[in-house]
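Student: In order, the protein sequence lines correspond to chains A and B. If you count by our numbering, then the first sequence holds residues 1 to 110, one letter each, in order. If you count by our numbering, then the second sequence holds residues 1001 to 1389, one letter each, in order.
Hint data in this document are derived by calculation from the structure and do not stem from the laboratory. Relax, there's no trap hidden among the hints.
Below, in silico cross-link-like pairs of lysine-lysine (DSSO-like), each with a Cα-Cα straight-line distance of 30 Å or less:
no., chain 1, residue 1, chain 2, residue 2
1, B, 1297, B, 1100
2, B, 1159, B, 1042
3, B, 1023, B, 1366
4, B, 1114, B, 1092
5, B, 1286, A, 63
6, B, 1033, A, 63
7, B, 1297, A, 63
8, A, 63, B, 1042
9, B, 1366, B, 1059
10, B, 1114, B, 1066
11, B, 1033, B, 1023
12, B, 1066, B, 1366
Far from chain B, some chain A residues (derived; all Cβ distances over 12 Å):
no., residue
13, 18
14, 22
15, 23
16, 31
17, 66
18, 67
19, 68
20, 70
21, 71
22, 74
23, 75
24, 76
25, 78
26, 79
27, 80
28, 86
These stretches of chain A come out as covered by chain B in the derived footprint (C-beta under 8 Å, 3 or more residues):
no., segment
29, 50-58
30, 87-101
Cβ atoms here follow ideal geometry from the backbone N, Cα and C, with glycine treated the same way.
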Amino acid sequence: MKEKNKDKVSCDLDIVKEDWDLIICRCEEVTKGEIIQAINDGATTIEEIKRKTRAGMGLCQSKTCFRAIQRILAEVSGRPVASVLPYTSRPPVRPISIGILSSLMEEEDD
Amino acid sequence: MATDVVVIGGGIVGASCAYYLSKEGIKVHLLEKGPMGCGASKAGMMHIVSWEEPEIHLKLAKASKKLYQELNLELSSPIEFRQTGSIVIIEKLEQVETFKATFDRLRSWGLNCKFLTPRELIEMEPNITPDIAGGVFFGDDAQVNPLYTTLALASDARKMGAIIDTFNEVTGFEFNNEDHSISAVLTKRDRIPTSAVIIASGSWSHAVGNLAGLNIPVEPRKGVLAVTVPVPEGIINSQIILTAGYMESVKSGSNSSLSVAANIQRAVNGNLVLGTTRQMVGFDRKVDPYVMANVLKRCLRFFPAIAEISVIRTWAGLRPYTSDLLPIISPVESIEGVYVATGHEGIGITEGPITGKLITQMITGKDLEFPLDEVSLKRFEKNNNYGGL
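Make a model of the complete structure from these sequences and hints.
Tutor: If you want it as structure tokens, here you go:
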């Protein structure tokens, strides 16, 4: 699948040519090629890249890969890095067990 | 080329409309104020529900499931459709009789379902608490990735010539003076001349309808969900497990009081999605940690073994709710060329494809698959019970 993507991309930037199979999102094993493909398919925001590729949806919730994806999106779309907004951060931010999260009620009751 | 139909809303319903209209050679312009699928279509579970009553829901669900089976083969990208079946847990003995009546009724409609004794259920799900009264297996239920479906429908519609116009918001409508038919849709970027408009804006349909002087009686009904790290098969064997209380929760009051029912689903990647709640609190999509704790407690009540599994993300979505829990799949009688396709509450994923197909049949003047009086917009006018909105 990753090899197939390579042919579809018409973009001529250096960033596209190199390291196509480099894993950018380690949690969900999403490659640079897949991220660039999502941008070529019309994604203009990090959220759209996430929804097309699952990049940033894993255990770390994009804390590891956000900067790299931000940079790729900025370079491929020719925008300043600062203009690429981050993912919406959602609780619990760090993984917390169901047992602990559900005990919130009981602590209040005491 | 001129636009034939403007679809307002880039959720699963709008994307289905765009897809089926494009297949008929109709030139579609889909407007979405955010990215595709940014409302309820990305926020919900993955369940294609076969058993939601009354009869019109059963018919819509059956026809839609058939469309999902076709879409699974014909769309260019995967939608993770799986024929999974689902389990509904009956928690208490006193619920068995009531549920048996529902079960018999559903069976008489031809649904594939099987009553489970606690022992049979424990055999299927060894990690379930023994403190249950039984369950039902629904063999017709299936699972799909709603966001992938929405994106695939839109992407294939675009390949057939549709314009998928994201981050563009509707600001108003123009009408022909003589007959008050629709003539154009105004957006924050441009003016799109058209002779037909579909309002498929989910919980936001009331606001969009207002711009055309319409009262579309849809309100947001909030639900919260959590997703865990991927878990191996075996902790939970079934892909979809809910409780009999879920059906009661759907029918519970349309007010701000919180209704919680356990609903546990396992995605293709192995993540568990845990839910859910029903609450009418406006458009606020923040997750209240106490509400979330309530949901997780309900899930733990049935599967204590999942206590150690980590939650990585929680979120809330807004179901487009109508007071009679039926969708609106309907032309607007007062304005020629305007159609409404929304109000599916918690089963918009189930009924999305058939809704797009039926609206396409209305617009192309083809025979409808079945009569749609029960889901007309007119039904609210008759009773005039939407004045409060």
